[in-house]
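There are 2 protein chains.
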Amino acid sequence: MAKDKSYVSEAVMRRMPKYYRYLTDLEKSGIERVSSKELSHRMGLTASQIRQDFNCFGGFGQQGYGYNVSDLRHEIHKILGLTRVYNMIILGAGNVGQALANYTNFEKDGFIIKGLFDINPRLIGMSIRGIPVYDIDELESFISKNEIHIAVICTPKEKAQEVADRVIRCGVKGIWNFAAMDINAPRDTIVENVHLSDSLYTLSFRMSDD
Amino acid sequence: MAKDKSYVSEAVMRRMPKYYRYLTDLEKSGIERVSSKELSHRMGLTASQIRQDFNCFGGFGQQGYGYNVSDLRHEIHKILGLTRVYNMIILGAGNVGQALANYTNFEKDGFIIKGLFDINPRLIGMSIRGIPVYDIDELESFISKNEIHIAVICTPKEKAQEVADRVIRCGVKGIWNFAAMDINAPRDTIVENVHLSDSLYTLSFRMSDD
Numbered sequence: 190m191a192k193d194k195s196y197v198s199e200a201v202m203r204r205m206p207k208y209y210r211y212l213t214d215l216e217k218s219g220i221e222r223v224s225s226k227e228l229s230h231r232m233g234l235t236a237s238q239i240r241q242d243f244n245c246f247g248g249f250g251q252q253g254y255g256y257n258v259s260d261l262r263h264e265i266h267k268i269l270g271l272t273r274v275y276n277m278i279i280l281g282a283g284n285v286g287q288a289l290a291n292y293t294n295f296e297k298d299g300f301i302i303k304g305l306f307d308i309n310p311r312l313i314g315m316s317i318r319g320i321p322v323y324d325i326d327e328l329e330s331f332i333s334k335n336e337i338h339i340a341v342i343c344t345p346k347e348k349a350q351e352v353a354d355r356v357i358r359c360g361v362k363g364i365w366n367f368a369a370m371d372i373n374a375p376r377d378t379i380v381e382n383v384h385l386s387d388s389l390y391t392l393s394f395r396m397s398d399d
Numbered sequence: 190m191a192k193d194k195s196y197v198s199e200a201v202m203r204r205m206p207k208y209y210r211y212l213t214d215l216e217k218s219g220i221e222r223v224s225s226k227e228l229s230h231r232m233g234l235t236a237s238q239i240r241q242d243f244n245c246f247g248g249f250g251q252q253g254y255g256y257n258v259s260d261l262r263h264e265i266h267k268i269l270g271l272t273r274v275y276n277m278i279i280l281g282a283g284n285v286g287q288a289l290a291n292y293t294n295f296e297k298d299g300f301i302i303k304g305l306f307d308i309n310p311r312l313i314g315m316s317i318r319g320i321p322v323y324d325i326d327e328l329e330s331f332i333s334k335n336e337i338h339i340a341v342i343c344t345p346k347e348k349a350q351e352v353a354d355r356v357i358r359c360g361v362k363g364i365w366n367f368a369a370m371d372i373n374a375p376r377d378t379i380v381e382n383v384h385l386s387d388s389l390y391t392l393s394f395r396m397s398d399d
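Sequences listed follow chains G and S, in order.
The first sequence maps to residues 190 to 399 in our numbering.
The second sequence maps to residues 190 to 399 in our numbering.
One chain only, chain G, in its complex shape (with noise of 0.2 Å):
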């Protein structure tokens, strides 16, 4: 498997979770095998841009065979680094940081909630499922305690700078971003956005003909 992953395109990059998605779906239907063509097929993309996908990591199929699903969906969580634990922070415990933390798929895959911070004294002492609300001044003492892998930013986003900023001075390595606005961040932070209204827009830019 190529080690670099420098060399994966953003396309690519954004079809292997697709790919875990489609073949996880397989595997709990008990389908053992699956041709580039079927699962080309499924996923409305051609049989050719798959292999070549997966041949930016050294590919997997065999001539005639098609794929084993099982060991592609391995290999694939593996490229995507699911073979380990992310200990995440929720910073921001309004509306979309609490939804994040009710949230329970993403602790099957690694992805463990250690805590959510906010300003507001009344949510500051809740916790939600399980989970503690703790004081945004307590941020750095809890990441030196606590390592940290990945901070979530669901704050306003006039404050959302301020918040990377001061996780990214003590070590975090990656930004899963709902604030929106794009963070400012040093090359070997990882940045990842969902920008909903973005998104929204997108929707409502393919929807109108004027």
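In case anyone wonders, no lab produced these hints; they're calculated from the structure.
It is possible that some hints are incorrect.
As the list claims (entries may be wrong) - Ranges between beta-carbon positions, derived for each pair:
#: 1; chain 1: S; residue 1: R222; chain 2: G; residue 2: S218; range: 37 to 45 Å
#: 2; chain 1: G; residue 1: R311; chain 2: S; residue 2: R222; range: 36 to 44 Å
#: 3; chain 1: G; residue 1: R203; chain 2: S; residue 2: R318; range: 41 to 49 Å
#: 4; chain 1: S; residue 1: Q252; chain 2: G; residue 2: E216; range: 53 to 61 Å
#: 5; chain 1: G; residue 1: S237; chain 2: S; residue 2: Q252; range: 39 to 47 Å
#: 6; chain 1: S; residue 1: G360; chain 2: G; residue 2: E336; range: 31 to 39 Å
#: 7; chain 1: S; residue 1: P375; chain 2: G; residue 2: E296; range: 48 to 56 Å
What the hints assert, rightly or not - List time: in silico BS3-like cross-link candidates among lysine-lysine, alpha-carbon distance up to 25 Å:
#: 8; chain 1: S; residue 1: K297; chain 2: G; residue 2: K348
#: 9; chain 1: S; residue 1: K303; chain 2: S; residue 2: K348
#: 10; chain 1: S; residue 1: K362; chain 2: G; residue 2: K346
#: 11; chain 1: G; residue 1: K217; chain 2: S; residue 2: K362
#: 12; chain 1: S; residue 1: K226; chain 2: S; residue 2: K267
#: 13; chain 1: G; residue 1: K217; chain 2: S; residue 2: K346
#: 14; chain 1: S; residue 1: K303; chain 2: S; residue 2: K226
#: 15; chain 1: S; residue 1: K334; chain 2: S; residue 2: K348
#: 16; chain 1: S; residue 1: K346; chain 2: G; residue 2: K267
#: 17; chain 1: G; residue 1: K346; chain 2: S; residue 2: K348
#: 18; chain 1: S; residue 1: K297; chain 2: S; residue 2: K346
Beta carbons: idealized from backbone N, C-alpha and C, even for Gly.
For chain G, the structure is supplied; the task is to place chain S on it using the hints.
Frame of chain G; chain S shown alone:
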């Protein structure tokens, strides 16, 4: 302005909401004029990329002057289809559905949530920020009485295709899908996905160096 959006690439389409976001912030800061160079610096794009993107829609700048922030924002506002109102319903009043219903920013852009729908008797009859949660059995009659443009799917993935089929049969042309699966829809229905776990896996992929 180009009328036919089928000529606009996926990449350009994804950047338009981002331009809108940056121009809104610039306008709020009282900045009246911006060069493509300055905009490119702020947005992490090249100036020529920005000029090319705007050329897809006929171009907006003036040589040597740059862009009038307010005019450009206004044009992109129109391109994104934000000059009209979109009536929305949320299918699934769980964590994500409730978080979206509690989020007020979409309304400012003309996205009005008319109701939530669920199968859970404990949720039906509740209201979230004044928006009622209806029994999913009332879905078809509700849509026939209210002009619904967008259905937001926040159900478990096992139910997502079923509820999508139901709203599509009722003539809903826009689907904003938060379920972790891909919706099958006819060509004239626009589906925009927010796959949270795909996004999180992309982050772990980029963070891991195996």
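Each hint tested on the structure:
no. : hint                            : result
1   : R222(S) <-> S218(G): 37 to 45 Å : 58 Å, violated
2   : R311(G) <-> R222(S): 36 to 44 Å : 43 Å, holds
3   : R203(G) <-> R318(S): 41 to 49 Å : 33 Å, violated
4   : Q252(S) <-> E216(G): 53 to 61 Å : 58 Å, holds
5   : S237(G) <-> Q252(S): 39 to 47 Å : 44 Å, holds
6   : G360(S) <-> E336(G): 31 to 39 Å : 52 Å, violated
7   : P375(S) <-> E296(G): 48 to 56 Å : 36 Å, violated
8   : K297(S) <-> K348(G)             : 21 Å, holds
9   : K303(S) <-> K348(S)             : 21 Å, holds
10  : K362(S) <-> K346(G)             : 31 Å, violated
11  : K217(G) <-> K362(S)             : 31 Å, violated
12  : K226(S) <-> K267(S)             : 24 Å, holds
13  : K217(G) <-> K346(S)             : 14 Å, holds
14  : K303(S) <-> K226(S)             : 42 Å, violated
15  : K334(S) <-> K348(S)             : 24 Å, holds
16  : K346(S) <-> K267(G)             : 24 Å, holds
17  : K346(G) <-> K348(S)             : 33 Å, violated
18  : K297(S) <-> K346(S)             : 29 Å, violated
Violated hints, listed in ascending order, are 1, 3, 6, 7, 10, 11, 14, 17, 18; each of the other numbered hints is respected by the structure.
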